[in-house]
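Those protein sequence lines, which keep their order, are chains A and B. When we follow this note's numbering, the leftmost residue of the first sequence carries the number 1, and every step to the right adds one. When we follow this note's numbering, the leftmost residue of the second sequence carries the number 621, and every step to the right adds one.
No lab work stands behind these hints: they were computed from the structure. Where is the CB? At the ideal position from N, CA and C, for every residue including glycine. A hint or two may mislead.
[Stated by the list, open to error] Partial selection, computed: residues in chain B whose CB lies under 8 Å from chain A:
1. L638
2. F641
3. K643
4. K684
[What the hints assert, rightly or not] A short list of chain A residues far from chain B (calculated; beta carbon distances all over 10 Å):
5. L14
6. F329
7. W354
8. K423
9. Y447
10. K544
11. L599
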Amino acid sequence: MLNLIGNYSLILALITSFILLFLSIKNFKSDSNLNFGIVVSISLQSILICISFLTLLFSFIISDFSNLAVYNNSHTTKPMFYRISGTWGNHEGSLLLWLLVLSLFISIFVFRTKKLLISFRILTIFFQQLIITGFLLFIIFTSNPFQLIIPTPTEGLGLNPILQDPALAIHPPILYLGYVGTSIIFSSSLAALVCRYTNKEWASDLKKWTLISWIFLTLGIMLGSIWAYYELGWGGFWFWDPVENVSLMPWFCLTALLHCTSVLEKRSNLKSWTIILALSTFILSMSGTFLVRSGILNSVHTFANDPERGIFVLIFLTVLILISLTIYFKYNDIEKLTRSFLLSKESAIVINNWFMMYFLGVVLVGTIYPIFLEVITKEKISVGPPYFNQLIIPFLIPFLFIMAIGPKLDWIKNKKFDAKFTKIILLILSILISYLIAKNFNTQVLYSTLLISAALYLFFISITDLKNEKLKLSQKVSHTAFSILIISIILNSLFSEEVSVNLKKGEEKQLSNYLLKFENISKMEIDNFTSLKAEIHVIHNDNKLKFYPELRLYKVPETITSEAAIKTSLFSDNLVVVNYLKDTNYLNIRYQKKPFMLLIWLSAIMLAVGGLIGLKKNFK
Amino acid sequence: MRIKFSYIFVFLITAFILLIFFKSLFEDKSYVPKKINNKIENISIEEFYSGNNLMLKELINDEKYIIINIWASWCIPCRQEHQYLKNISKITDFKMIGLNYKDKKENAEKFLEELGNPYDVILRDKNGTKSIFFGAFGVPETFIIDSELNIVRKYIGPLNLENQVEIEKLLK
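Extracted from the complex, chain A is given alone in its bound form (with noise of 0.2 Å):
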C-alpha cells in the first residue's frame, strides 16, 4: 500500500513536470504575471514529492520489509534515529532526499522573487523542471525507492553500523541542501543569460541563492569532518579522500562566486565570470554526484556500482553542460569591462577568484587525474594528501595576507594607501610571535614562520577590523573565523603527538613522555551490538587521564566499529582509540593528543554564522 502511494506520486509528479515545461515554453514574453497554472503545478509538484517521501519515511519507520529499500538498509532492532536517518542512508532515499530539495527550492523561488522580470521567472521555473524530469526519471527507472519484494521478509539487513553516527544521520541533508541550492544558481544564471538580465537585480537575488547553498555546504562538509574524526577513529578531520574532495570542489566555485555577485551587485562588473561560475558550480554538483553514485571513485563512500545508473547520470550531465555551453556561448556579450585599478576592492577579489580557482584546479586533478591515467594506461594510482598539501599550503602565505588586506580597500580606486603604524606592529607581532612558535621544530622554521604569521596577521587584522563600521558584519565574521580556522589546523598538523602499541590486559609500556596501561575490560550487549569497553590510562607528568574506548560488534550486519574516547576542551583533545587483534588477547591502542579540534570545528561554525548574517541583510 504504501509502495503503491510512493510510487503514484512521483509518477504523477513526472507528469506535472510535463505540465510545467509545456506551459512555461507557451506562457514566456506572453503574460505580465505569472500563469496560474505554473503556480498551481509547482505547488502541486512539491506537494507529491513531498507526499513520496514521507510515504519512504513512515516505511523505514514501521520497518516495512516488503520494500525493498527498507529490506537492504533497516532492521527493527535499529534505533529510532538511525531508522529515520536510513531513509536517506541509502541510495535511493538519498535521490528522493535530493528530489525533495530540488522542489520544495523552485517553490521558494517563485514565491520569493515576485518583483523580478517576468520572463526571467518563467525561464528559470524551466530551467529548474528539466533538472527536475530529470531526476524523477532517473529515480523512477533506475534508483526506485519503492520496489517491492515478495514474499515479504521478516527482518532487514541492516544500516551500516558505520552510518549510525549522529553527525552523519544529518550530514546528507544538510550538504544535499547546499548542493541543490546551486541548481537554482544554475537554473537562474541561464535564464538571466537568454534574458540578458545579468543586471544588479539580478546579482542581489543570486546572492541570497548562493549564501544558501554556501552556508549548507559549509555546514555538511564540517559535519562530514566531524564524523569522519569521531567515527572512523583515525586521527585526522581531513583525508583528502574523493568523496571529500568532490563536495570541496563546489565549496570553492561558491566562494569565488559569493565575492564576485558583491562586484556585480555594486558595479555591474564581471557578468560573464560570474556567470561562468554560476554554471560551473552546478556542473561541478553534478559530476560530483555521478563521480559517487556511479561507483568510480572508491572511498570510504562505497556505493553500489551500477553502470547503467552511472551511464545515466552521465547523460543527464551531457545534456545539461551541453545546453549550458550552447546558452552560454550564443548569449553571452562581449563584456566591456569598466576600468579598474590594481589598488581597488575589485582586483582584491579577482586576486581571490584566482586563488579559489588555483585551489579549485588542485583538487580537481587531484581526484579526476587517476580516473584519466586509468582509463588511458591501464596503470592505477592513488592521489594522496601530500600532493594536495604540497600544492595547497604554500599559496595560502600570499592568499592569507591579501585577504587581510583586501577587504578595506575602496570600490574603483584606492585613494590613499596608508601603510598605519598599527598594521606594521601587528605585522611584526605576527612574525614575532610565528618564529617563536615554528622555531621548535627543526625543519621547515622559515615556511612555518611564514605560514603562522600569514594566519596570524589576518586574524589580528580581522579582530582590529571588527570595530570597523564601514565593513559589513557578515564579511568580518566570516574572514575572522577564516583565520581561527586555519590557525587551528596548522598548530593542528604542527602540535599533534601520538603513539601506539599493542597490550595485553593488565599490561602497560612507557612511550616517549606518556605511560599507557590497560587495566580492564568490559562487556555489555546493547540493543544492536555488544560493546567491549576497555578501560585505559594514560599517565603524562603526573598528570592521569582514564579512557573508555569502546569496540562494537554489531550483529546486523555483522562488523566490528572502534568508537574513539575523546576528551575534548577548548585548546586540546586527547583520545584513544582501540583495534582489535584478531586471534590473540592484545589490542591495539593508540593514544593521540591533537590541539585546537575544538577551535576548528566552531571557526567552521562561524565561518556559517557569518554567511547567515549575510543572508539575513540581504532579506531586509
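Chain B: place on chain A using the hints.
Chain B in isolation, oriented as in the chain A frame:
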C-alpha cells in the same frame, strides 16, 4: 550563426572528459594480483551445517583444483556474483567451496535458499579469523587452489562474466 572557436574548444575538452568518464564506468573494479605463489596452511575450519571441524586437505580427494569463494549474506556484491558462481558450478569434476564470512547462520541459509546453492561444501568463518589464512581482504573473494594448497588464482571483488570464462577454461 558564426560558430566561435572558443565554443568548439571548450566543447571538445568537455566531450573528452565525458568520454573518459564513460569509459571508466566499464573499467574492471575487481583486481587480480599478478604474482601469487602463496601456499595456504592446512588449517581446520568449521563445517557450516554440522559445526564439525574439517582440515582443509580433507576436502581435496583427486581434484586438480578447488575453488574457494568467500561470501556473506550481508554483502551486496556477493549477490551480484552469485549467478557466475552457479554457472561455474555446472562443471562437474571439481569442488566449489563456500566460506561463509562473519555471518548469521539463518541469514546465510536464507541467502542460499533465495539465490540457489552452488557450493559442494560450505565452511563457516564465524569471526573472520580463518579468512586471514587465505590472505583475504574482505568479501567477496575467490581463490583457485591446487591439490597442494597452492593459490593458483585469486580474484578480489565480485566475479564477472570474463572471470567466469577464464575459470571455466582453467578447469576444463
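Hint check:
For L638 of chain B, the interface hint holds, since its Cβ comes within 8 Å of a Cβ in chain A; the closest pair sits about 5 Å apart. Contact between F641 of chain B and chain A, as hinted, is supported at the beta carbon level, the nearest pair being about 6 Å apart and thus within 8 Å. Given hint, K643 of chain B at the interface with chain A, holds; its Cβ is 5 Å from that chain's nearest Cβ, closer than 8 Å. Taken as an interface hint, K684 of chain B does not check out: its beta carbon lies about 31 Å from the nearest beta carbon of chain A, beyond 8 Å.
Separation of L14 of chain A from chain B is adequate, the least Cβ-Cβ distance of about 25 Å exceeding the 10 Å criterion. Under the 10 Å C-beta cut-off, the non-interface status given to F329 of chain A relative to chain B is violated; the minimum distance is some 4 Å. For W354 of chain A, the non-interface assignment is confirmed: its Cβ lies about 19 Å from the closest Cβ of chain B, beyond the 10 Å cut-off. Under the 10 Å C-beta cut-off, the non-interface status given to K423 of chain A relative to chain B holds; the minimum distance is some 43 Å.
The claim that Y447 of chain A is not at the interface with chain B holds, since no C-beta of that chain comes within 10 Å of its own (minimum 35 Å). With a cut of 10 Å on Cβ distances, K544 of chain A stays outside the contact zone with chain B, its closest approach being about 34 Å. Interface exclusion of L599 of chain A from chain B stands, the closest Cβ pair being 37 Å apart, more than 10 Å.
Hints 4 and 6 from the earlier list are contradicted by this structure; the remaining hints agree with it.
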